[in-house]
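S.K.: Dock chain B against chain A, hints included.
Protein chains: 2
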Amino acid sequence: MTTLYGYFRSSAAYRVRIALNIKGLAYDQAPVNLVKGEQRAEVYLARNPQGLVPMLTIDDGTQLLQSLAICEYLEERYPEPPLLPADPSDRARVRALAQLVACEIHPLNNLRVLKYLVNELQVDEDTKLTWYRHWVAEGFTALETMLSREAGSGDFCHGDAPTLADVCLVPQVFNAERFEFDLSACPRIRRITANCRAIEAFQRAAPGEQPDAN
Amino acid sequence: MTTLYGYFRSSAAYRVRIALNIKGLAYDQAPVNLVKGEQRAEVYLARNPQGLVPMLTIDDGTQLLQSLAICEYLEERYPEPPLLPADPSDRARVRALAQLVACEIHPLNNLRVLKYLVNELQVDEDTKLTWYRHWVAEGFTALETMLSREAGSGDFCHGDAPTLADVCLVPQVFNAERFEFDLSACPRIRRITANCRAIEAFQRAAPGEQPDAN
Numbered sequence: 001m002t003t004l005y006g007y008f009r010s011s012a013a014y015r016v017r018i019a020l021n022i023k024g025l026a027y028d029q030a031p032v033n034l035v036k037g038e039q040r041a042e043v044y045l046a047r048n049p050q051g052l053v054p055m056l057t058i059d060d061g062t063q064l065l066q067s068l069a070i071c072e073y074l075e076e077r078y079p080e081p082p083l084l085p086a087d088p089s090d091r092a093r094v095r096a097l098a099q100l101v102a103c104e105i106h107p108l109n110n111l112r113v114l115k116y117l118v119n120e121l122q123v124d125e126d127t128k129l130t131w132y133r134h135w136v137a138e139g140f141t142a143l144e145t146m147l148s149r150e151a152g153s154g155d156f157c158h159g160d161a162p163t164l165a166d167v168c169l170v171p172q173v174f175n176a177e178r179f180e181f182d183l184s185a186c187p188r189i190r191r192i193t194a195n196c197r198a199i200e201a202f203q204r205a206a207p208g209e210q211p212d213a214n
Numbered sequence: 001m002t003t004l005y006g007y008f009r010s011s012a013a014y015r016v017r018i019a020l021n022i023k024g025l026a027y028d029q030a031p032v033n034l035v036k037g038e039q040r041a042e043v044y045l046a047r048n049p050q051g052l053v054p055m056l057t058i059d060d061g062t063q064l065l066q067s068l069a070i071c072e073y074l075e076e077r078y079p080e081p082p083l084l085p086a087d088p089s090d091r092a093r094v095r096a097l098a099q100l101v102a103c104e105i106h107p108l109n110n111l112r113v114l115k116y117l118v119n120e121l122q123v124d125e126d127t128k129l130t131w132y133r134h135w136v137a138e139g140f141t142a143l144e145t146m147l148s149r150e151a152g153s154g155d156f157c158h159g160d161a162p163t164l165a166d167v168c169l170v171p172q173v174f175n176a177e178r179f180e181f182d183l184s185a186c187p188r189i190r191r192i193t194a195n196c197r198a199i200e201a202f203q204r205a206a207p208g209e210q211p212d213a214n
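Residue numbers (UniProt numbering), protein chains in the order written: chain A, 1 to 214; chain B, 1 to 214.
No wet-lab data here; the hints were simulated from the structure.
Straight-line alpha carbon distances no greater than 25 angstroms define the calculated DMTMM-like cross-link-like pairs of lysine to aspartate or glutamate that follow:
hint	chain 1	residue 1	chain 2	residue 2
1	A	K128	B	D124
2	B	K36	A	E138
3	A	K23	B	E76
4	A	K115	B	D126
Restraint ranges, calculated between C-beta atoms of paired labels, are given here:
hint	chain 1	residue 1	chain 2	residue 2	range
5	B	P79	A	E150	21 to 31 angstroms
6	B	L45	A	G159	21 to 31 angstroms
7	B	E200	A	A137	39 to 49 angstroms
8	B	D87	A	D28	18 to 28 angstroms
9	A	V35	B	G24	47 to 57 angstroms
10	B	H134	A	I58	26 to 36 angstroms
11	B	F179	A	D59	40 to 50 angstroms
12	B	D87	A	V35	34 to 44 angstroms
13	B	R197	A	Q203	46 to 56 angstroms
14	A	A185	B	E200	43 to 53 angstroms
15	A	R149	B	N33	18 to 28 angstroms
16	A	G159	B	V43	24 to 34 angstroms
17	A	G159	B	E38	30 to 40 angstroms
18	A	V35	B	R197	36 to 46 angstroms
As the structure is a prediction and not an experimental result, all values here were calculated from the model.
Think of the CB as a built atom: it goes at the ideal place given N, C-alpha and C, for glycine as much as any other residue.
So that you can see chain A by itself, here it is in the shape it has in the complex (with noise of 0.2 angstroms):
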């Protein structure tokens, strides 16, 4: 069986969960408390050092950490429906879109930043979402211009299917709007977010839908 060691309001398990949907794969979940800590827990931390969800286990004893590296293999062991385009500049175009937000935006927003942010720094509140909207503005003004200017975006932000690229995208989407960004200057950005959530392998992986949703 697959198990996926996530949480319902992980973007990175969200990732893995959107990708698993539409690859068509079933899989169990085990659900990570991580504002309880439970991801720093002896017997998880036993099985996965980085102390991060998402965790993929299968069942021939394969364990697998990060959520576009799990994302590749599931592109790698199930072509089908593709998560990447077949030429190479399209496919380095999808997973620089796709790292926009896995590298630049989302890292600085976690829970454990925004937790450091304000246990180790004290930061107020406002400053907190001053932080986070700051990160997601920049990395989101830069997505908007791309997808709104370069060939190759489409109903997507690569043609007119779901990629790596609107697997990252649609939870981040998710999480700014938890924040409160205000996502009015990114058309764009909008518009695909809809067709993303217009599709039930989208639907089925929202954090709402989740056994350990609260």
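M.R.: Chain B alone, transformed into the frame defined by chain A:
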């Protein structure tokens, strides 16, 4: 001609230099001085709305962004010598190690983030360094554990030849050394880094060897 827009001390540009050298590809360099803010200049933003380095341009008009996406492109276009093993699970392991650096450590510690801490949050030098070392310690502790106990490790992060994981590790170690991070608890990371530094492709990619080094 292939041109790398980078900065001698940028970890992300450093990764691409290593990958290009391992693949034996010739390239020009177009330095973008991050300290002077040249990445935010209109002429650069017009080409790269992310306002980041590296960017790799190829004379067929292809323009590539995001260091890991660039490395994957190079791997697909120029498979030899490989930066990723053949087996999907092994590839996933290498990508996870690479992303542990590229998604969990580096994004929190690059120049623009340290600048935000100092200029916007007005933290003092000590607090900035504590932030820096905190995220490196988190990431390197996990990485050291994985490298020490997983069967895939060898003289390099995976097996006995450099992969994408080493391409990411060596610039992060350089960066950590620059910020006087204590690596004594990371013997495996130090050994692998030493093995990489014995290889010409890594040597030629080092920050001090670049035209814009100062």
